[in-house]
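Make a model of the complete structure from these sequences and hints.
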Amino acid sequence: MSAPVFNSKLCAICKGRKLLCGRPTCPILERFRVARTVEQRLNKRHLFGSSPPSIFVGEYGYPKVRIGPLVPPIEGNTSHLDSPMKWEDKTIRDILYYRSLLVMGETKADVHVRRSGRILGEVQELAMSIKPVDSEVLLKRKPVLKVLPSEFAPPIGPKAELLDFELTENPKIPRRTDYVVSDELKAEAAIMRLYNWGFDEYYIIRLLSAGLLGLDKRLVPTRWSITAVQDTIGKNLRREILHNPEINDYEVYFYRFMGNRYAVLLMPEPYAFELLEVWLKGSLFGASEPSVIHDYEDFRGRKEYVKETAGAYHAARLSVLEALRARRRQARAVVFREVTPEYYAPVGVWQIRLGVKKAMGNLIGRFETLNEALDAIKRRLEHPFEKYLARSYILGSLARQKTLDEWLGKNLYRLGGEKPGG
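The opening residue of the sequence shown carries number 1228 in my numbering; numbering runs sequentially from there.
It should be emphasised that the hints constitute simulated quantities derived from the structure, not laboratory data.
Some hints could be false.
[Claimed, not checked] Taking CB as the label site, the calculated pair distances span:
(1) T1596 with R1555: 20 to 30 Å
(2) R1345 with D1443: 19 to 29 Å
(3) E1411 with P1611: 47 to 57 Å
(4) T1596 with G1528: 25 to 35 Å
(5) E1388 with G1348: 12 to 22 Å
(6) R1345 with D1476: 54 to 64 Å
(7) K1291 with N1475: 50 to 60 Å
(8) G1348 with P1611: 47 to 57 Å
(9) K1413 with R1483: 35 to 45 Å
(10) D1316 with A1553: 32 to 42 Å
[To be verified] In silico EDC-like cross-links for lysine to aspartate or glutamate, where the CA-CA straight-line distance does not exceed 16 Å:
(11) K1462 with E1549
(12) K1444 with E1393
(13) K1614 with E1516
(14) K1444 with D1410
Since the structure is predicted, the reported quantities are computational estimates derived from the model, not experimental observations.
For glycine and all other residues, C-beta sits at the position ideal for the given N, C-alpha and C.
Structure (structure tokens):
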């Protein structure tokens, strides 16, 4: 499906100078460049600074997981270091720098909150704060920065085993947070209550991760929390918009963000959603012959976990559903995501969430026919468009119904006997 992130033989020949992989910047050297800029500040075991606030919960070893606060060696307003939904004007280098400043003190904890001790209590108080909190961290050794960030969560900075952690000021915790955390609410109800009150999505993710939401409170790995919160909100918004009338025209939206192209097609039909994703040749996970991956749902939603596009699916779907809810309309939606070599280091699914959100605010045009709308999208994408159509469940099924006969008159691809997307 895709090439490994790094090819040891190619990297050994290239040494980051010739860019033989086709990327505009060597992701290994870029991470080291960032590491060098923060090294002197982080070269110590005892740290004092203002956490944005930020925590991380790992997934390996579940139900015994690694958890810890993220604290920079900086005091004051550090909220920009962990505000994914406000990073729309930032570069990949900015994000790597921000995250490299956040030192994670790791400690092991049982996911069942009742079995954990004082340090978890401090971490939970940090998670509930809506303002940076002055914090003190004592580490077993000097922190080490990993070269490779994750594709899913925002990159993790330097890490070391935690000996002690303490908040040195009172965290600013909203009354509504206290109410939701102390009330007997199921996790879904708690998530939706906070979302509808206008709390930042990543704040809700932090509360869920820290084991503060739900009846049976337990720690939830950060990666799982991101998916759980975006999926929960998405399902609730889908149920809401199904009562709304359909849009009137075919609509096309487009936005470029951090080396990704996002095109969104809305059709005047009952709700369904599909994400089509391609990592182009030379991109981080791109193969020499890129293939389209996809996932799909109709008005009933999905009964099984997203197989191919994983967290990107929930992030993209939520941005589309929010836009439809704001208009009090429903539509059949197809999101095209094209990842170019400019996306040289993964920074997390927040950029998909934000990229599609920005796309939904950038209307390219309204069209009377599907053919015109598809033409507008085709002009803005690089991957052969017939390969998107051949893989798409929504557009493939429309072709079967002869809706695209005129547009497909040149026999761009053959419709075989198997189900599209199979």
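Hint check results:
Here the CB-CB span from T1596 to R1555 is close to 25 Å, well matched to the stated 20 to 30 Å. Range check, R1345 to D1443: Cβ separation about 22 Å, and the 19 to 29 Å hint holds. Under the hint 47 to 57 Å, the C-beta atoms of E1411 and P1611, about 54 Å apart, fit the expected range. For T1596 paired with G1528, a C-beta distance near 29 Å keeps the hint of 25 to 35 Å intact.
In this structure the supplied range 12 to 22 Å holds for E1388 paired with G1348, their Cβ-Cβ distance being about 19 Å. One distance hint, 54 to 64 Å for the beta-carbon pair R1345 and D1476, holds here, with the actual separation near 59 Å. Restraint check, K1291 to N1475: a C-beta distance of roughly 54 Å satisfies the suggested window 50 to 60 Å. At about 55 Å, the beta-carbon gap between G1348 and P1611 stays in the expected band of 47 to 57 Å.
Here the CB-CB span from K1413 to R1483 is close to 39 Å, well matched to the stated 35 to 45 Å. At roughly 22 Å, the beta carbons of D1316 and A1553 sit outside the given window of 32 to 42 Å. Distance restraint check for K1462 and E1549: the Cα-Cα separation of roughly 11 Å lies within the 16 Å cut-off, and the hinted pair is therefore satisfied. Restraint check for K1444 and E1393: the C-alpha separation of about 22 Å exceeds 16 Å, so the hint is violated.
Distance hint between K1614 and E1516 is fulfilled; the C-alpha atoms sit about 12 Å from each other, no more than 16 Å. With a C-alpha separation of about 12 Å, the suggested pair K1444 and D1410 falls inside the 16 Å cut-off, and the hint holds.
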